[in-house]
Amino acid sequence: MKKKNLIAIFGALVMSAMVGTVAACKEPEPTPEPTPGPTPGPGPNPVATVYGLPEADRGHYINNADLFEDNGTRWLFYTTNETSGEEDNVIAVRSATFEEGEDKGWAYGEETIVLRGSEGAWDEYLGSASVVKGAFEYGDTEYGWLMAYCGTSRASETQFSIGLAVAQSLDGEWTKVGTAPVVAFNEANTGSAATAVGNYAPSLVNYDKESGIRLFYTFADSYGHFAKFVDIDASDLDAPVLSGEAMVPNNGEIAGGDTVAMFPNADFAYDAASDKFYAVKDYSPTPSQAPAFARRIQLLSIAESELYTTDAGNGWTGIRTWDNTDTPDGMYERLYGACIVSDAYGHTDEATGAEIVYNVCMLEADTDDYLFTQNLMAFEVDYQ
Amino acid sequence: MTKKKTQVLALMLGAGIALSGVCAAYPAVTVDGNALDTTTQMTYPFETGDDAFAYAPTFTMATEAGAGNNKWEYIEVKFDGGAKDLRSAEYLAVQIRVDAGNPGLTLGLIQNGDRYNNCVDENKFYFLSENGTISEMSCLYSAINLGTGACGTLLMPFASMNWQWNNNQSDLSAATAFYYTTCTQFNYDYALTIGNVGYYDGEPGASGTNFTTLVDCSESERSKDMYYVDSANPDCMKMPSESAVVEPEPPTMEYPFRAGEDADTWAAVWQGPVVGDSSTNWQTLRVKFDQETVDFSQASYLVIQYYGAVGSPGITFGLENKGARYSVAGVADGKPVYFMGETDSTSKKVANVTYGAVTAGSASGIMGAMIIPMDSMGWQFGADENRDLAAIDTLVLTTDSQYNYNYRIVIGEIGLYTGEAGSGTFTKLLDLSSDKSAKFTATSDLEANRGTVSFIEADAVREMMGDATVDIKGEGKSNSSYSETGVSGNVLINGSYGSLSIVEDSYGEDAMQLTATGITGDGFTAFTLSDGENIDWANMKGVSFWARNDSDVEVSFNFEIDCKVASGARSRFNILQGNRYWLYDVNTGKTSIYMTRPTATLPAGFEGWVRIPFSAFERASWSSGVAKEEFMSEGSVVAYLGITVSAANYLNQSFSINNIGAYNTTPQFSSSFVNADGKTIPELLGLN
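As you go down the protein sequences, you meet chains A and B in turn. The letter at position 223 of the first sequence is residue 223 when you use the working numbering, and the numbering goes up by one with no holes. The letter at position 79 of the second sequence is residue 1079 when you use the working numbering, and the numbering goes up by one with no holes.
These are calculated hints, taken from the structure and not from any lab test. Since the model is a prediction, treat every value here as computed from it, not as a measurement. Misleading hints may appear alongside valid ones.
As the list claims (entries may be wrong) - So the derived label-pair ranges between C-beta atoms look like this: (1) B:Thr1520 - A:Thr321: 45 to 51 Å; (2) A:Asn314 - B:Gly1686: 51 to 57 Å; (3) A:Thr259 - B:Glu1629: 34 to 40 Å; (4) A:Glu364 - B:Gly1635: 44 to 50 Å; (5) B:Gly1635 - A:Thr325: 48 to 54 Å; (6) B:Gly1508 - A:Ala239: 29 to 35 Å; (7) A:Thr317 - B:Asn1675: 24 to 30 Å; (8) B:Asn1675 - A:Thr259: 51 to 57 Å; (9) A:Thr321 - B:Asp1189: 54 to 60 Å; (10) A:Glu364 - B:Glu1629: 44 to 50 Å; (11) A:Glu380 - B:Leu1651: 53 to 59 Å.
Just so you know, even glycine gets a beta-carbon here, dropped at the ideal spot from N, CA and C.
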């Protein structure tokens, strides 16, 4: 796994703690003192309840969240590092139930690591999971959950592909589908392939709430970052049926400063009742000052029919753009990697507003170990 | 004289194509370092007053906007005594009078066909009136306007002039002529009189500056062959001595041929070689009649269904009997030839026979009848015993590809007219209501550079594939190349080096494999696939074509499309980055919505059909006249279509293309759970 020497780990730890305090708006739980006594007997491990979005432990980070709700339980998938101070990405999940009461709310349980990179494989370095519910068969076994994630064999974190994994329970065992990605990086069709990011930021929507999966993702090379999607009949994942890829429209009220409007690092949700898709995306271009993460995020919607034609329509309708002035005390100059909180199928049917979970990060100017300051925060917006 | 380089103009893709077949582009500079200004005191260099232009020809140009299919009219005034060394010249002086209108003139000097002129905008030029006042003009759109009624001397600082193109390393050491040119799209209904021409070797009016005369018509009219005229008006040039000449009335007769959409069915398309020869190479089109021989002995006119699609070649029309030829080259120059558009009620003079040929520039782009009076022809050569108009067996058209090339004319039905125009009798000699392609033969002296003849098939007037037209095909094209060693084939390739090879498409039909083979010029290889055909894509949705990426990486190329609208305005459009378009891969059966990156892009391994919406096209930054909203609007046509490839980025990366047309219905994306409602590309093309 990728290693990184941390020059100023102490500074990072301090900063991480500070970020976590603000991000979750909740004092961190004190670390329990070792308790002398008899060895505990069998039974459930004690759960460290976190109200509000969980924060990264010291020397860790949390990014690229996917949050959905299923039968009153929220499931938060995210990318984190398994080893403190290392960038050894894994995909983890926590579940949450809502508790009424002062200083309570969504109570998140312990972190479970559900997916790791396979050494020497195309997904040795992975992250950015998106999960939907549905009916999937793989290797003669029925599964109820499908995950898309991005991965690469290159430690430089370029040339990403997108793969699938299935599970029967969200915090149980996840099985990778096949040994090859479902959307593979194609060097021949990539500008400046050696340094291209490739296919990243997968975002799943279970279109028909059965096995009709729409996989959105971002493709990035020297021409820019643009959103695409591919439809998959995932009923039989031993032989999935894929459509051709389709570029998502990039016209309309897209916030950005590029000559050709880009659509980077986006998460999507489907409102079947009104035939609309919603997306939350990073602003482009990114600042030159590290980290090169976006400084704004934007929530937009588009008529579903516009995805399927090249006829000029209205394009995207901008709903809301957030920047640092919207963060607590305006202290975060990086807002990026957001997701729309949806149901378990990636739908937001007849929703009157949205909850957006996004990443914040300190600047390199503030700490050399800014990567370990990545945490989650949330916005709510009313569509009216 | 100090040149101040204030601005380097970007060389723009496609500009060379618009201006010239093969064009070496030069970086242009604007300058503002001329010592001459409006306060300069100088002696007027030529005669003034009533006698100033006593022996000078007057050039009366096209009277209608867009005449001759937006023809670039061209007048050349050759220097007395041949080439002159102008390397020490500082100012060109041209005695000129604007008799009508106020045209925007592009003008300058000619050497080896290269043009040194006022091509750089904002550069300053001056006009010295006969009363000694000097006015300043700024160049705009590579043109200057002298002003209505101007009469005096145009002073052109050499420092304000540049090589617009220079393919022969010209250096002004052997300039042969002064010239001007204008386009009828914007400049028409004007007249100029051009008198003497000379130059100063220093600042005008300064001591030590000498003036040298290059063209002198102060004492008498110069020979008419000291002028070269290419105008939509065949009687464009008039010497003062010709002012009283009364022209005969053009013949009036009922239009004798088919008209309308099917008028060109089974007509022959004579395509000249795309490049000229270094020496004489006669291109010949021979046409047999329905009868073995025809009696022209009583004919008053030879009448030929004619359409000038590309270029205005000088054609020698003739009639042959056993090798004896009766042609327009058999009489002295100056005899009239007429043309009647298929919707016209009368004919008009299209040309005076010049150099034994008919140059019908004003008829370009119009289907009609070429009406050649029999007394505008005479026996050119042949044995006396065969000089018999009663037994003509062949219509012969010839032109020398040393001077006339890359032309395309359509020859349809043929007839003769006996008696007075209007009251006589028309007899059709070649009826093209059926395929008569065997009666046409194209030959040339040199087989290596020979024109071709093809035919407009009855069922191919507008070939369709489902909802898409098929307007440009590999069929009829030949292997062509442009390289250091020369050019070949019948497809014009210019800019950087390139080749076009005929290969098979997915269906075994001829397709065009395009390859950029070398980097030179502006770095882009340009393939001209249609020029002057005025393809109707109005109100369609976008461009449809078959393509295959024959390389191992993604390949991008651009469509260079000239859209001409009903007003006659014409602009270049091409594809920009970031637009969505369609790819249907015939091997995978999948349809994708891809992105122009940066232009029309074929992924590695792709083979199938491409649809690019017109919305992906924008007007080229250097072009003007047609707004984006007018692109492919009602009444518009595609006047030019070329494909350009960045030789630097895609050197030797081949791709193939065929069946270029326009589609009527926008496809719909489809998948296992999204229904396209019959609008998949294979369904729309009728491939299933």
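Hints, one by one, checked against the model:
no. : hint                             : verdict
1   : B:Thr1520 - A:Thr321: 45 to 51 Å : holds (48 Å)
2   : A:Asn314 - B:Gly1686: 51 to 57 Å : violated (32 Å)
3   : A:Thr259 - B:Glu1629: 34 to 40 Å : violated (21 Å)
4   : A:Glu364 - B:Gly1635: 44 to 50 Å : violated (59 Å)
5   : B:Gly1635 - A:Thr325: 48 to 54 Å : holds (53 Å)
6   : B:Gly1508 - A:Ala239: 29 to 35 Å : holds (33 Å)
7   : A:Thr317 - B:Asn1675: 24 to 30 Å : holds (25 Å)
8   : B:Asn1675 - A:Thr259: 51 to 57 Å : violated (36 Å)
9   : A:Thr321 - B:Asp1189: 54 to 60 Å : holds (56 Å)
10  : A:Glu364 - B:Glu1629: 44 to 50 Å : holds (48 Å)
11  : A:Glu380 - B:Leu1651: 53 to 59 Å : holds (54 Å)
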